[in-house]
Amino acid sequence: MALLRSRVVLVALLALAAALPARAQAPPTEYEVKAVFLFNFSQFVDWPAAAFADGHSPLVIGVLGSDPFGATLDEIVRGETVNGRPLAVRRYQSLDQVDTCHILFVDRSQEPQLEAIVAALKSRSVLTVGDFDGFSHRGGMIRFITVGNKIRLRINLFAAQEAKLTISSKLLRPAQIVEPGQD
Amino acid sequence: MGTIPRALAPPALATALLLCSSEPAEASQDVASTTGVLKHLSIEQLMDIEVTSVSRAPETLSSAAAAVSVITNEDIRRSGATTIPEALRGVPGLHVARRNSNSWAVSSRAFSSINSEKLLVLSDTRSIYTPLVSGVFWDVQDYLLEDVERIEVIRGPGASLWGANAVNGVINLTTKHARSTQGTFLSAAVGTEELGSAAARYGGQLGESGFFRVFGQYSERDTSFRPGSPTSDDWRIGHAGFRADWDASSSDALTVQADVYSANIGQFGPGVNIIGREGPAGDLEVHANGGNVLGRWRRQLGGSSELQLRAYYDNTHRNDPSFHDDLQTFDLDLQHRYLPSSRHEIVWGLNYRVTDNDNRGKGIFALEPEESRDQLFGGFAQDQVAISEVLRLTVGTKLEHNDFSGFEVQPTVRLAWDVAPGQNAWAAVSRAVRVPTRLERDIAIEVTPPGSNPRGVLLGNDDFDAEELLAYELGYRWQPLDVLGLDLALFHNRYEGLASLEFGTPSLDPQTGVVTVPVVNRNLTDARGQGAELFATFSPRDTWRLIASYSYIYLDMQPHGGDLNRGVLLEGATPRQQFSLRSLLDLPGRLQLDAQFRYSTALDEVPGTVADPGIDAYSELDLRLAWQASQQLELSLVGQNLLHDHHLEFGTPATRGEIERSVYGKAAWRF
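As you go down the protein sequences, you meet chains A and B in turn.
Heads up, the first sequence is in my numbering, so the first residue is 1 and it goes up one at a time.
Heads up, the second sequence is in my numbering, so the first residue is 1 and it goes up one at a time.
Don't read these hints as lab results, they were simulated from the structure.
A few of these clues could be false.
As the list claims (entries may be wrong) - The calculated lysine to any residue pairs, modelled on SDA-like cross-linking and capped at a C-alpha distance of 25 Å, are:
| # | chain 1 | residue 1 | chain 2 | residue 2 |
| --- | --- | --- | --- | --- |
| 1 | B | Lys-176 | B | Ala-258 |
| 2 | A | Lys-150 | B | Glu-44 |
| 3 | A | Lys-150 | B | Ala-258 |
| 4 | B | Lys-176 | B | Thr-192 |
| 5 | A | Lys-122 | A | Ala-51 |
| 6 | A | Lys-150 | B | Ala-188 |
| 7 | B | Lys-39 | A | Glu-115 |
As the list claims (entries may be wrong) - Away from chain A, derived, C-beta distances all over 10 Å, residues of chain B:
| # | residue |
| --- | --- |
| 8 | Gly-203 |
| 9 | Glu-220 |
| 10 | Trp-297 |
| 11 | Phe-377 |
| 12 | His-560 |
Values in this document were obtained by computation on a predicted structure and should not be read as measured data.
Glycine is no exception: its CB is placed at the ideal position from the N, C-alpha and C atoms.
Model the full structure from these sequences, guided by the hints.
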């Protein structure tokens with residue numbers, strides 16, 4: 001009897017769902033917002049001139065490890081320029097594949113190797129970005145933190161300065177800053 | 001019982017969706033339009049954007065239309081728990097009670113018993129529910145807790161996805177991907193109850209895109225306390241295994257994993273007790289061992305479609321002083337998730353399982369026949385529809401056939417409503433069943449001493465049917481502040497045809513003059529259960545988190561027959577109220593100080609054959625102090641059950657021991 005009742009409800013609700021002419025605009029996903037942040041970083045960080053081959057070579061946003069962005073990141077940078085430079089997206093499976101790169105998103109799959117990644121990129125003026133626990137304390141530069149359903153930034157300013165990167169106050173002001181030695 | 005990691009399915013949905021699919025769900029032009037707007041926002045405005053789902057964090061659950069809790073690796077580590085049941089304490093709606101050193105009652109939404117028969121437990125999608133007794137032998141569920149990524153607990157029915165026996169809840173344990181366990185991990189612990197344990201794990205790479213880990217662990221635990229009687233429930237378990245994961249191509253992922261374990265588990269008394277019959281005596285010890293191997297292949301078919309094939313083989317042996325049980329299981333599972341349009345998300349799947357059981361009694365316990373092969377096949381389908389911007393409807397059902405009760409239909413309808421930013425309400429109506437066990441169908445034992453007249457026999461019943469639940473649930477989640485989250489769930493459960501033992505028709509053997517009185521399993525008890533579960537998290541500072549949970553449960557059993565098994569006692573077997581408060585505090589100097597307080601009201605009665613005064617209300621406290629001495633070394637000191645020398649939690653007088661205050665110290669190295 002109980003089963004029969006719930007079946008009737010189920011059929012009624014199915015009919016209702018079919019009848020509704022909806023096309024909901026979903027709120028952005030976590031990685032859509034994070035991808036936009038990555039794009040913004042290209043505008044609020046200054047790289048030393050040596051980081052680029054010439055005045056027209058692209059600013060490269062890299063993703064190391066599994067790519068959580070899918071096509072989103074490519075869509076965002078398509079047709080965009082920063083100081084006359086085009087933007088490019090590259091994906092790397094492992095650290096040794098990382099060639100010329102200016103912003104590197106380190107996927108959480110690389111978590112165990114973070115120290116090695118930080119050490120290898122130290123002298124190369126690469127802005128490292130990640131979203132796993134301990135990222136900024138372990139030498140990563142910008143960490144996405146999720147508070148409630150919102151995304152905040154935590155910046156390891158010391159690590160960025162060591163890599164000769166200058167981060168604009170527009171980015172620093174709303175972010176949480178990690179002091180060297182602080183845990 | 002289907003056992004799919006319904007990774008993509010609604011109760012599990014929020015966390016898992018992003019785990020498996022990195023592709024955005026929307027078509028690319030939608031991506032462009034969404035992100036096009038976002039690009040013009042300032043950093044501050046971007047930080048104010050609410051995202052739909054956030055992977056691998058508890059807040060991902062903020063929109064699921066089900067009562068879901070997630071215990072993360074960090075939660076486990078900071079609880080100081082060394083076993084899975086202990087790690088489950090503090091989840092609202094769950095009752096975790098330790099009966100003695102090596103056995104626990106773990107139940108969701110009442111019906112507490114050692115078997116926890118209405119709760120389905122999965123380990124990396126492999127069912128660890130034992131069909132012999134419909135329950136979990138927690139004593140052999142050993143894990144290197146360091147490698148457990150999370151434990152997801154769904155309270156209420158999950159049967160439309162997971163299948164039979166997911167009646168009052170599903171516990172879904174997931175171990176870490178091998179790439180997250182690279183390097184060497186060593187740990188050793190010594191304590192007063194946790195006598196000694198050691199674990200080692202090594203993780204490395206297999207070529208360009210493969211990762212593996214191998215691990216081993218051994219633990220030895222002390223007896224519980226029994227005033228005036230000898231205790232013999234000390235136990236030891238060794239466990240080894242490996243896991244390998246490959247990203248075979250950009251769209252294929254493969255996982256292979258295997259485990260073996262061996263344990264010696266002390267008993268107070270025989271596992272099977274029959275009044276008036278003599279059971280095994282002396283120093284009783286269970287020898288248990290087993291192993292399993294599991295393979296999984298995931299293929300991304302474009303951005304909006306994913307296929308998963310999973311198979312496992314599992315083998316367990318349990319040599320109990322009362323019986324010898326051998327169980328082999330083979331399980332094959334296919335599931336497909338796709339997004340036919342931006343409004344619909346469809347998941348469907350097929351499952352087949354075959355179990356070979358061989359159970360030989362040693363004297364008083366017997367199944368007839370001793371060997372049995374049982375099969376189960378089924379399928380499920382579910383559609384989640386975005387009715388509007390703020391309303392999501394989920395409809396789905398499982399249809400499966402088992403050799404005990406035939407076809408079972410287990411549908412669900414769930415509705416989620418985003419009331420306002422930070423507020424979400426949901427409602428669900430579901431049907432779930434618990435299918436009969438081999439014990440209920442095949443048991444054949446004499447319950448009177450040999451030579452008695454009349455003679456009583458307990459017999460299995462081929463006509464014993466599934467127990468049915470119709471569950472009505474409501475939930476509300478509210479995040480009034482960034483640092484404060486509240487989660488309320490209410491339920492009303494109606495059970496029909498619960499197991500009851502009843503007298504059958506007596507028969508007279510004219511040759512001998514012996515009258516045989518059969519006792520059989522029937523479905524003559526109904527019940528109503530209702531309750532409320534409240535969960536709150538509060539983070540006053542970045543370095544301090546408080547987690548509180550409160551559960552209220554009321555169960556009313558309505559026997560319509562003789563109820564010889566006294567199922568009515570289940571009413572008093574779960575505490576009416578439970579409360580727990582956890583504090584996780586990071587201190588300067590790389591110190592962590594964590595505390596967990598819990599309170600449980602009394603158990604009026606404990607299921608058993610004789611009247612028992614029950615178990616008193618109790619409060620307990622665990623503390624953990626940890627010091628990250630260096631990048632590689634963590635030292636911790638854990639005190640458990642600190643408020644009393646010893647206290648009782650569960651069980652009949654013959655089977656229970658008191659849980660003692662204990663302390664252990666642990667060192668863990670990672671390099």
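Hint check results:
1. B:Lys-176 x B:Ala-258: Cα-Cα ~14 Å, so holds.
2. A:Lys-150 x B:Glu-44: It holds: about 11 Å lies between the C-alpha atoms, which stays within 25 Å.
3. A:Lys-150 x B:Ala-258: violated (39 Å)
4. B:Lys-176 x B:Thr-192: violated (30 Å)
5. A:Lys-122 x A:Ala-51: holds (13 Å)
6. A:Lys-150 x B:Ala-188: violated (39 Å)
7. B:Lys-39 x A:Glu-115: Not OK: Lys-39 (chain B) and Glu-115 (chain A) at ~32 Å, beyond 25 Å, violated.
8. Gly-203: At roughly 8 Å from the nearest Cβ of chain A, Gly-203 (chain B) sits no farther out than 10 Å, so the non-interface label is violated.
9. Glu-220: Non-interface label stands for Glu-220 (chain B): nearest chain A Cβ at 30 Å, farther than 10 Å.
10. Trp-297: holds (17 Å)
11. Phe-377: Holds, since 20 Å exceeds 10 Å.
12. His-560: holds (16 Å)
The structure fails hints 3, 4, 6, 7, 8 (numbered hints given earlier, in ascending order).
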